[in-house]
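Chains as they are written, first to last, in the numbering used here: chain Y, 10 to 290; chain Z, 71 to 332; chain F, 167 to 613.
Take the hints with a grain of salt, since some may be wrong.
Stated by the list, open to error - Cross-link-like lysine-lysine pairs, in silico, DSS-like; alpha carbons within 27 angstroms at most:
(1) K281(F) with K596(F)
(2) K135(Z) with K21(Y)
(3) K85(Z) with K544(F)
(4) K85(Z) with K522(F)
(5) K544(F) with K249(Y)
(6) K596(F) with K105(Z)
(7) K136(Z) with K21(Y)
(8) K241(Z) with K21(Y)
(9) K281(F) with K85(Z)
Stated by the list, open to error - Quick look at which bits of chain F chain Z covers, simulated, 3 or more residues with Cβ under 8 angstroms:
(10) 252 to 266
(11) 343 to 351
(12) 420 to 430
(13) 565 to 572
In case anyone wonders, no lab produced these hints; they're calculated from the structure.
Computed from a predicted model, the values in this text were never measured in an experiment.
Backbone N, C-alpha and C define an ideal beta-carbon position, used for all residues, glycine too.
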Amino acid sequence: MKGHQASKAIGKTIKYLFLSLYLIIVIFPFLWMLLTSLKSSQGEIYAFPVRYLPQAPSFVNYSSMLWKGNFSRYMLNSFIVSGIAGVGSVFIGILAAYVISRYRFKGQGAILFFFLFTQMIPMFIMLAPLYQMLSKMNMLNNIWTLALLYVNMMIPFSVVTLRGFFSGVSSTIEEAAQIDGCGRLRALFNVIVPIMLPGIAATFIFAFINSWNELFMAIMFIDVDQFKTIPVGLNALILKYDIKWGEMSAGAIMALVPTIILFSFAQKYMVEGLSAGAVKG
Amino acid sequence: MAFQSYNLVNINNIKWIGFDNFTNLFSGSEQDDFKLALWNTVKWVFISLAFQFLIGFALALLLKKKFHGSAVYQGLIFFPWAVSGFLIGIMWRWMFNGTSGVINDILIRMGILDQPFGFLANTSTSLASVIVANIWYGIPFFTIMITAALRGVAPELYEAADVDGANVFIKFFKITVPSIKSVLMLTVLLRVIWIFNFPDLIYSMTNGGPGGSSNIITSLMMQKVQSLDYGAASAIGLLCILFLSVYTIIYLLFTKFTDSEE
Amino acid sequence: MKTRKVAAFLATIMAVSSTFVGCSNGTNSSSNNAQDNSGNVTITMVESLTSPERTAVLREIADKYQESHKGVTVNIISPPLENADTKITQMLQAQQDVDIVEVRDSTLTQFATNKWIAALEKYVDQWDEKDTLTTSAKEAMKTFQNTDYLIPYGFYHRAIFYRKDWFQKAGLEAPKTWQDIYDAGKKLTDASNSKYGYSFRGGSSGYQYADTLYWSYIGVEELANPNAGYYTKEGNGKTIFTLPKVKEALHFYKSLFKDVSPKDSVAWGFSEMVQGFVGGTTAMLIQDPEVIATCSSSMKDDEWDMVAFPAGPSGEAVSPNGFAGWGLTSFSKHPDQAADFLLFLSNSENNTYFAKKYSTIPIHSDAAEKDSYFSTGKFALYLKTEEQPDVYKYAIQPQMYEAFAQYKTEVDKKYQQYLNDTITDDQLLKWLDEFWTEAYKAEGKKW
Numbered sequence: 010m011k012g013h014q015a016s017k018a019i020g021k022t023i024k025y026l027f028l029s030l031y032l033i034i035v036i037f038p039f040l041w042m043l044l045t046s047l048k049s050s051q052g053e054i055y056a057f058p059v060r061y062l063p064q065a066p067s068f069v070n071y072s073s074m075l076w077k078g079n080f081s082r083y084m085l086n087s088f089i090v091s092g093i094a095g096v097g098s099v100f101i102g103i104l105a106a107y108v109i110s111r112y113r114f115k116g117q118g119a120i121l122f123f124f125l126f127t128q129m130i131p132m133f134i135m136l137a138p139l140y141q142m143l144s145k146m147n148m149l150n151n152i153w154t155l156a157l158l159y160v161n162m163m164i165p166f167s168v169v170t171l172r173g174f175f176s177g178v179s180s181t182i183e184e185a186a187q188i189d190g191c192g193r194l195r196a197l198f199n200v201i202v203p204i205m206l207p208g209i210a211a212t213f214i215f216a217f218i219n220s221w222n223e224l225f226m227a228i229m230f231i232d233v234d235q236f237k238t239i240p241v242g243l244n245a246l247i248l249k250y251d252i253k254w255g256e257m258s259a260g261a262i263m264a265l266v267p268t269i270i271l272f273s274f275a276q277k278y279m280v281e282g283l284s285a286g287a288v289k290g
Numbered sequence: 071m072a073f074q075s076y077n078l079v080n081i082n083n084i085k086w087i088g089f090d091n092f093t094n095l096f097s098g099s100e101q102d103d104f105k106l107a108l109w110n111t112v113k114w115v116f117i118s119l120a121f122q123f124l125i126g127f128a129l130a131l132l133l134k135k136k137f138h139g140s141a142v143y144q145g146l147i148f149f150p151w152a153v154s155g156f157l158i159g160i161m162w163r164w165m166f167n168g169t170s171g172v173i174n175d176i177l178i179r180m181g182i183l184d185q186p187f188g189f190l191a192n193t194s195t196s197l198a199s200v201i202v203a204n205i206w207y208g209i210p211f212f213t214i215m216i217t218a219a220l221r222g223v224a225p226e227l228y229e230a231a232d233v234d235g236a237n238v239f240i241k242f243f244k245i246t247v248p249s250i251k252s253v254l255m256l257t258v259l260l261r262v263i264w265i266f267n268f269p270d271l272i273y274s275m276t277n278g279g280p281g282g283s284s285n286i287i288t289s290l291m292m293q294k295v296q297s298l299d300y301g302a303a304s305a306i307g308l309l310c311i312l313f314l315s316v317y318t319i320i321y322l323l324f325t326k327f328t329d330s331e332e
Numbered sequence: 167m168k169t170r171k172v173a174a175f176l177a178t179i180m181a182v183s184s185t186f187v188g189c190s191n192g193t194n195s196s197s198n199n200a201q202d203n204s205g206n207v208t209i210t211m212v213e214s215l216t217s218p219e220r221t222a223v224l225r226e227i228a229d230k231y232q233e234s235h236k237g238v239t240v241n242i243i244s245p246p247l248e249n250a251d252t253k254i255t256q257m258l259q260a261q262q263d264v265d266i267v268e269v270r271d272s273t274l275t276q277f278a279t280n281k282w283i284a285a286l287e288k289y290v291d292q293w294d295e296k297d298t299l300t301t302s303a304k305e306a307m308k309t310f311q312n313t314d315y316l317i318p319y320g321f322y323h324r325a326i327f328y329r330k331d332w333f334q335k336a337g338l339e340a341p342k343t344w345q346d347i348y349d350a351g352k353k354l355t356d357a358s359n360s361k362y363g364y365s366f367r368g369g370s371s372g373y374q375y376a377d378t379l380y381w382s383y384i385g386v387e388e389l390a391n392p393n394a395g396y397y398t399k400e401g402n403g404k405t406i407f408t409l410p411k412v413k414e415a416l417h418f419y420k421s422l423f424k425d426v427s428p429k430d431s432v433a434w435g436f437s438e439m440v441q442g443f444v445g446g447t448t449a450m451l452i453q454d455p456e457v458i459a460t461c462s463s464s465m466k467d468d469e470w471d472m473v474a475f476p477a478g479p480s481g482e483a484v485s486p487n488g489f490a491g492w493g494l495t496s497f498s499k500h501p502d503q504a505a506d507f508l509l510f511l512s513n514s515e516n517n518t519y520f521a522k523k524y525s526t527i528p529i530h531s532d533a534a535e536k537d538s539y540f541s542t543g544k545f546a547l548y549l550k551t552e553e554q555p556d557v558y559k560y561a562i563q564p565q566m567y568e569a570f571a572q573y574k575t576e577v578d579k580k581y582q583q584y585l586n587d588t589i590t591d592d593q594l595l596k597w598l599d600e601f602w603t604e605a606y607k608a609e610g611k612k613w
């Protein structure tokens with residue numbers, strides 16, 4: 010019995026050792042960005058052997074990003090496009106996933122495979138034709154176009170994920186609601202959606218974060234400064250002669266803050282939501 | 071476009087050339103680059119996947135039982151997933167920097183290296199370096215998915231097994247794995263497609279270099295786009311879709327097959 | 167029943183998407199119109215070699231123009247540098263509302279071949295400031311098919327930047343030749359302290375440095391034409407890559423990398439090599455005058471200095487005649503107004519101001535009179551080199567070939583393979599020779 014307990018204790022130690030080690034590995038790059046962003050001079054940033062803590066922590070990189078650049082504007086734009094992308098793709102996803110999971114119709118498998126197929130097309134190759142097309146439609150340089158493209162980009166994932174949730178919610182609840190006199194759509198939005206809220210939150214966050222991070226479409230389809238998003242702003246810090254590591258780190262940290270806040274609020278839902286059936290296929 | 075000589079260097083010269091873009095890749099002037107990229111793609115996908123999967127799985131198992139602060143811990147280790155591929159690439163490029171990078175510094179302080187080493191600048195380490203970054207990036211995805219799946223396994227199954235006196239390994243292979251098998255299958259399937267189509271990291275860390283040593287076929291395609299050779303880029307793009315479709319079909323057939331065996 | 171639901175569902179999606187499209191059209195028409203009812207004109211200008219500081223200078227000049235030309239608005243579009251040329255290509259192909267575009271020596275052939283940019287003769291001929299243009303400027307304008315497709319804003323003539331303090335401490339003289347760079351570099355290299363002699367460029371466009379070495383070894387007279395620097399005067403498309411001296415130069419190039427440069431530098435591009443120098447990793451750097459601004463702002467005055475481009479065994483110091491400028495799009499809706507602004511931007515006063523701020527070599531010969539900045543201090547060295555035309559020469563890769571676009575994307579990879587010992591010197595030279603022999607066969611003599 011004692012031996013058993015000893016081995017259990019060893020097992021626990023190994024477990025926590027592994028967990029802490031991994032935590033360090035995960036956190037370190039972020040910490041390093043944070044430390045770099047607080048260093049004020051190039052000499053300090055490039056010092057080798059590396060000086061880990063900044064001599065005198067300075068927010069000069071942050072203030073130059075916020076005031077010299079247009080970063081706060083980019084931040085707002087990113088919020089707008091990612092918000093629309095999240096809401097839009099979840100909304101369409103709910104409707105589409107509902108139809109797919111509640112009705113049996115011909116070509117259902119084909120639709121799912123089609124969604125999978127869209128994941129296979131390298132997005133980069135679509136940029137040029139899309140540019141020419143949007144140009145003809147006079148839709149370039151437009152924050153709504155970007156939002157629409159992001160909605161479009163996130164629909165397949167939303168549908169596939171939300172379909173799993175619908176399969177998890179028994180249709181008897183819905184039928185009961187219908188008997189009580191709800192129409193199909195009302196039953197869907199008043200009864201099922203509230204039950205599925207964790208799943209919907211998870212899908213929304215996924216769509217939001219992916220749109221928040223998207224770079225290439227944003228570069229291609231937006232020219233004017235007032236519509237640029239954060240990733241574009243960060244990409245522009247790679248200059249001909251140097252990467253402004255200090256400002257880049259500061260910008261990266263600022264870009265991370267909203268996603269991380271969102272994450273902390275929602276990570277409970279993420280796991281909960283996903284375990285409710287997102288991945289049941 | 072894949073069947074055209076479609077190069078924006080001279081738009082007056084765009085014409086149909088049949089399979090020339092493809093033969094160029096397999097036997098023509100591009101074959102060395104293409105074959106290297108193809109082989110790198112296999113390594114990139116499978117090494118990344120294997121480590122992401124194993125570490126992700128291990129973490130999920132350790133996180134299954136809630137402990138003090140496990141919610142916070144979980145929140146922290148999911149962070150990488152919230153960052154864009156471009157930014158991850160930039161972060162790791164900075165850390166791998168061959169003259170003043172922090173990874174060099176740590177290795178020197180630990181006595182493993184005696185002078186800074188250009189990880190991204192060496193043909194033998196560039197691919198490995200981008201794979202390390204990719205593994206770091208991809209683990210949270212597996213952890214989230216598998217944790218979610220594990221929480222869905224009915225606890226009664228384990229209780230029953232405890233009554234039967236089953237040990238940890240039997241429980242793991244007889245209960246855990248079968249219960250979450252479909253999740254694992256789907257996650258792996260999706261993940262392979264995503265890793266394959268994820269040149270962002272390579273683009274911002276090495277842009278395929280040096281000497282093409284860290285190119286995978288999707289990053290090779292990006293370079294073709296940058297040199298405005300849309301014909302060649304489309305040919306590669308079409309091949310990517312073909313590879314992935316074949317992979318998906320085989321994978322689906324295979325998993326269906328094992329499913330029906332049970 | 168089922169089909170009706172599906173139809174309803176599809177209709178919903180359509181409705182939702184069309185609302186988005188509706189929104190977008192609404193905002194678009196107000197922001198994108200080049201000319202509104204009151205007769206105001208908007209000139210849109212796209213830059214490629216973007217930096218925040220440079221954009222600010224351009225903005226300043228544009229504001230000045232707007233001040234004196236009421237009703238004209240100048241818009242400056244600044245895509246992130248990394249993807250700028252890919253994006254500009256898309257914009258031009260789609261014939262977006264762009265009037266003025268930055269044309270680089272490397273994109274000139276593409277833009278002009280595709281007829282995206284217009285000939286400027288009719289504006290330049292009537293320009294009252296055309297007579298003060300320097301010879302280099304006039305030559306640059308006529309690079310492609312002897313037609314003015316751009317007005318350069320400056321030249322990127324390279325020079326050696328070196329650490330004055332390190333050289334003094336080691337008792338070394340400022341380098342004059344490539345051999346000096348190697349010898350001094352060897353003394354200053356101390357790998358264990360992360361100190362190296364030379365900021366090698368093995369990453370993007372690194373081949374340009376190998377090319378300048380080839381030219382400095384063989385001398386410009388051996389070339390068919392300085393603007394087609396890969397062909398020898400023997401003619402018939404014979405390339406320089408079969409010459410024994412070129413092989414010698416290639417070996418020297420590799421020894422620079424192996425012996426006096428950081429291992430990492432095989433992947434270094436512009437930014438890393440400059441950063442290596444400014445950040446105190448390397449002792450020498452060969453770069454454009456643009457870097458003067460960077461050095462002045464991040465280093466102390468007694469830490470660095472500049473000397474002219476190094477000479478090779480031929481006694482000549484051959485550097486690339488890099489330039490960039492502004493072109494007028496062929497589909498501009500207001501070509502006359504746009505050209506007027508283009509000339510304003512390029513006049514002696516504004517170009518000199520721009521050149522000073524951005525540290526390029528100005529295009530007007532009276533720049534040094536206008537601003538002593540160009541006759542004293544670091545820039546003076548460029549005036550001195552112009553007084554010795556038999557030593558300081560310029561040559562450039564055959565950029566007028568369409569094959570150059572493909573070459574540019576593949577050549578760095580080949581050099582990196584050579585530097586990393588994956589391929590031999592003969593394999594590399596054979597590849598280069600075959601590539602350009604092939605290009606000559608396909609496109610003929612283009613200089």
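Hints, one by one, checked against the model:
no.	hint	verdict
1	K281(F) with K596(F)	34 angstroms, violated
2	K135(Z) with K21(Y)	12 angstroms, holds
3	K85(Z) with K544(F)	51 angstroms, violated
4	K85(Z) with K522(F)	46 angstroms, violated
5	K544(F) with K249(Y)	21 angstroms, holds
6	K596(F) with K105(Z)	21 angstroms, holds
7	K136(Z) with K21(Y)	13 angstroms, holds
8	K241(Z) with K21(Y)	19 angstroms, holds
9	K281(F) with K85(Z)	18 angstroms, holds
10	252 to 266	holds (count 3)
11	343 to 351	violated (count 0)
12	420 to 430	holds (count 3)
13	565 to 572	holds (count 3)
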